[in-house]
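Trainee: One-letter residues, chain by chain:
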Amino acid sequence: MDLSYSPEEIAFRDEVRAFLETSLPKDLSDKVRQGHDSLSKQDIERWHAILNDRGWLAQNWPKEFGGAAWNAVQRHIFEEEAARANAPRIVPFGLSMLAPVLMKFGSKEQQDYYLPRILDGSDWWCQGYSEPGAGSDLASLKTRAVRDGDHYIVNGQKTWTTLGQHADKIFCLVRTDVDVKQQEGISFLLIDMDTPGIEVRPIILLDGTHEVNEVWFTDVKVPVENLVGEENKGWTYAKYLLTHERTNIAGVGFSEAGLEQVKRIARAERANGRPLIENPHFAARVAQVEIDLMALSTSNLRIVSKAASGEAPGVEASMLKVKGTIIRQEINDLARRAVGSYAMPFPSETVEGDNDPIGPDYAGSTAPQYFNNRKLSIFGGSNEIQRGIIAKTMLGGGR
Amino acid sequence: MNFDLTEERQMLQDTLRRFLRDRYDTETRNAILESDTGLSAEIWSQLAELGVIAALFTEEQGGFGGAGFDISVVFEELGRAGVVEPILDTAILGGRLIAAVGSEDQQALVEDVIAGGAHLALAHGEPVSRYDLSHVETSLRADGDEIVLDGRKAVVVNAEAAGHLIVSARESGAAGDEAGISLVLVPTDTAGITMNGYPMLAGGRAAEVTLDGVRVPASARLGAAGEGYAALCDVLALAHVALSAEALGAMETATGLTREYLATRKQFGRPIGTFQALQHRMADMLIELEQARSSVIRAAGYMDDSTRIRDMNIAAARNLIGRVGRLVAEEAIQMHGGIAMTQEYELAHIAKRIVMTDHRFGDADHHLERFIALSAA
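Top to bottom, those sequences are chains A and V. First residue of the first sequence: 1023, per the working numbering; consecutive thereafter. First residue of the second sequence: 258, per the working numbering; consecutive thereafter.
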């Protein structure tokens, strides 16, 4: 047992740190620090391009596709350092969700065409999985694709499509056979967002932000060569993709950055004439979550190092998701609590352009972030679904 | 012992509930939320016509209620419907404060408030005061038969709509002293007042208010010089009952929406309410909701008891409601899933109202500390 990084891992971490210090533009890290919905499409593309120049954008891709081929520990180190440095999040849809599916199940033509375009930012991908009637029960999806000569005709509706407003392309789960068991009639289609019959409608979230969308399909013609793998095998590919969606599932880096922010706020705020950080009740809350986060960080490393040595994480990923989201949400709660009455204003940037911040500059994003991050325990397999997986694995039987 | 509402209050509750159900649906409210004023003048005058504002004042003050239970009945209904109109600010924090300590001339404003013709705002909190009621740095200086105010007030709810602000200012002593705080009734168009207004996350509007050499006649003083703190405590006791009841009403809506959703939303071929994991959590929400209801009843019922008993029950209610409110808001969203994250769905607004209540005049921790201090006294 050795709780510290190896010399190679420490050297890697120093390399990542040095890169972030020199290459992360300050205007981007400032926006991330202010939190909450301030990054534009251009900001994200700029950061992707900087990472791509360094060869660090496609961290989990093998070298032959232009990836960094990092192992799980290296990816973890990067995530932790990037969160600490307030780097923008890498948008995962093309890079770490679709790409692994194409590498494993896509045709040579699909790999040659799409993968370089993901790397150089030519295509922004979004995910067409959830539907209004198919959330936790994803396999019940109804969007229909009917073969017509050398095309599929797609009709239906996807929802919760994150950053779909920026997307050039969408990968979709569609129903191609209605006469078999649900899971056996699903196919995996790549669709150009410019195709006639596609309509993207914004969904405004409770904090006033626009990050998700509805995507409607009316008689959308999709060439058959856009089918990934075999028809009606899409569920297998979807499940494969979901295991990749669950990397960095614990969000330790985000929680650590969030906890630092809470402490920074609590040192600046005063309660009864003393810094809030010295208030026994508030200090106890901060300590409690910090203790949980320390343990989670080690749980995460235990699982990460297992994965680095080739063992696939199973039920542990579900455990990390549940505990990780609880901790992140608790930290969001502390941040809003810390700012007192100044949690009440609607932050100016979502209202109208560049107004002066109301109250201290750290206050505005705390309450919206608290509300926005309620999503963490809902998306990517809700915490109820994760608990079901854990219980089923441990106890056997149904839900 | 009898926990029934009186006939009059039952009627008030029924009337208000029916009115809001008919006239204040999600769509109407969302339009109000997006409007420049953040409130509906039409709804406001209709509420006044219905006697909703009058119910918050005693007969001597020109109303027909004014007791703890009148306040809790009204605000529970306002909370149930997610009403964003500033009844708390104009009627309780403004109107009841003037009614309690105002001069005969000043009392005329109370009549206007009850008739629905005037808005008020309490300009008390300051950028660094947090929830400490006695922390007042804004200064008051007498100059002949005038007084001069200088300072900054933070998150003054309803400041822009108000015809008058009630400004707390320090006449003597240090920032945290209870003695030496005066209250002044200041017309909002007085020279030297600057407002930086903004919408709030859970609806309504507030402003940062700067007072720069604001001059008013000495007769603008509200109550005796340097003795504003006790009056503030008394009106805040009423406000705490109102806020607690409002959160209770909102929690009833959140719980009701969740119960409906569990019965109708199907996944895996059956209503999600048939999954025991969700059933038990729904049961916990209902248990906690009843705890919240009882704490509001206590806070309202002990309103006229000794200050210590009153304040202990208020601190208890605000602490309990702060805790239960978070649980109910978060669990209601979680059990709904994504739909509750969308702005246009009723629950999103209701959940925000519940959680943001905890940021007015003290959160659960603040009231826990008050409770401990009062228990030791």
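Hints are not guaranteed to be accurate.
[As the list claims (entries may be wrong)] Keeping only pairs whose Cα atoms sit at most 25 angstroms apart, straight-line, the calculated SDA-like set for lysine to any residue is:
(1) A:K1203 - V:Y602
(2) A:K1164 - V:Y602
(3) A:K1261 - V:F525
(4) V:K523 - A:F1401
(5) A:K1063 - V:Q600
(6) A:K1285 - V:R583
(7) A:K1048 - A:F1127
(8) A:K1261 - A:K1063
(9) A:K1048 - A:I1112
(10) V:K523 - A:I1411
(11) A:K1261 - A:K1048
(12) A:K1203 - V:P528
(13) V:K523 - A:D1159
(14) A:K1414 - V:L519
(15) A:K1285 - V:Q600
(16) A:K1164 - A:I1112
(17) V:K523 - A:D1036
[Unchecked claim] Some chain V residues flagged as far from chain A (calculated, every beta-carbon gap over 12 angstroms):
(18) G373
(19) E383
(20) D402
(21) G430
[What the hints assert, rightly or not] Residues from chain A shown here face chain V by an in silico Cβ test under 7 angstroms; the list is partial:
(22) R1292
(23) G1295
(24) E1300
(25) H1303
Hints in this document: simulated from the structure, not taken from any laboratory. Virtual Cβ for every residue (Gly too), placed ideally from N, Cα, C.
Trainee: Run every hint past the structure and note whether it holds.
Mentor: So, going through the hints one by one against the coordinates:
1. A:K1203 - V:Y602: It is violated: about 33 angstroms lies between the C-alpha atoms, which goes past 25 angstroms.
2. A:K1164 - V:Y602: holds, 23 angstroms
3. A:K1261 - V:F525: holds, 17 angstroms
4. V:K523 - A:F1401: holds, 17 angstroms
5. A:K1063 - V:Q600: This hinted pair holds, its Cα atoms lying about 23 angstroms apart.
6. A:K1285 - V:R583: holds, 22 angstroms
7. A:K1048 - A:F1127: violated, 40 angstroms
8. A:K1261 - A:K1063: Distance ~28 angstroms between A:K1261 and A:K1063 Cα, so the pair is violated.
9. A:K1048 - A:I1112: holds, 17 angstroms
10. V:K523 - A:I1411: With Cα atoms ~19 angstroms apart, V:K523 and A:I1411 stay inside 25 angstroms; holds.
11. A:K1261 - A:K1048: At roughly 38 angstroms apart (the allowed maximum being 25 angstroms), A:K1048 and A:K1261 break the hint.
12. A:K1203 - V:P528: holds, 20 angstroms
13. V:K523 - A:D1159: Measuring from Cα to Cα gives roughly 9 angstroms; hence the hint holds.
14. A:K1414 - V:L519: Between A:K1414 and V:L519 the Cα gap is close to 22 angstroms, so the pair holds against 25 angstroms.
15. A:K1285 - V:Q600: violated, 30 angstroms
16. A:K1164 - A:I1112: Between A:K1164 and A:I1112 the Cα gap is close to 30 angstroms, so the pair fails against 25 angstroms, i.e. violated.
17. V:K523 - A:D1036: Between V:K523 and A:D1036 the Cα gap is close to 50 angstroms, so the pair fails against 25 angstroms, i.e. violated.
18. G373: V:G373 clear of chain A: closest Cβ-Cβ about 25 angstroms, beyond 12 angstroms.
19. E383: With a cut-off of 12 angstroms, V:E383 comes too close to chain A, as the shortest Cβ separation is near 10 angstroms.
20. D402: Answer for V:D402: holds, closest chain A Cβ roughly 35 angstroms.
21. G430: holds, 14 angstroms
22. R1292: holds, 6 angstroms
23. G1295: Result: holds, 6 angstroms to nearest chain V Cβ.
24. E1300: Interface hint status for A:E1300: violated (13 angstroms vs cutoff 7 angstroms).
25. H1303: holds, 4 angstroms
Of the hints listed earlier, those the structure fails to meet are numbers 1, 7, 8, 11, 15, 16, 17, 19 and 24, in rising order.
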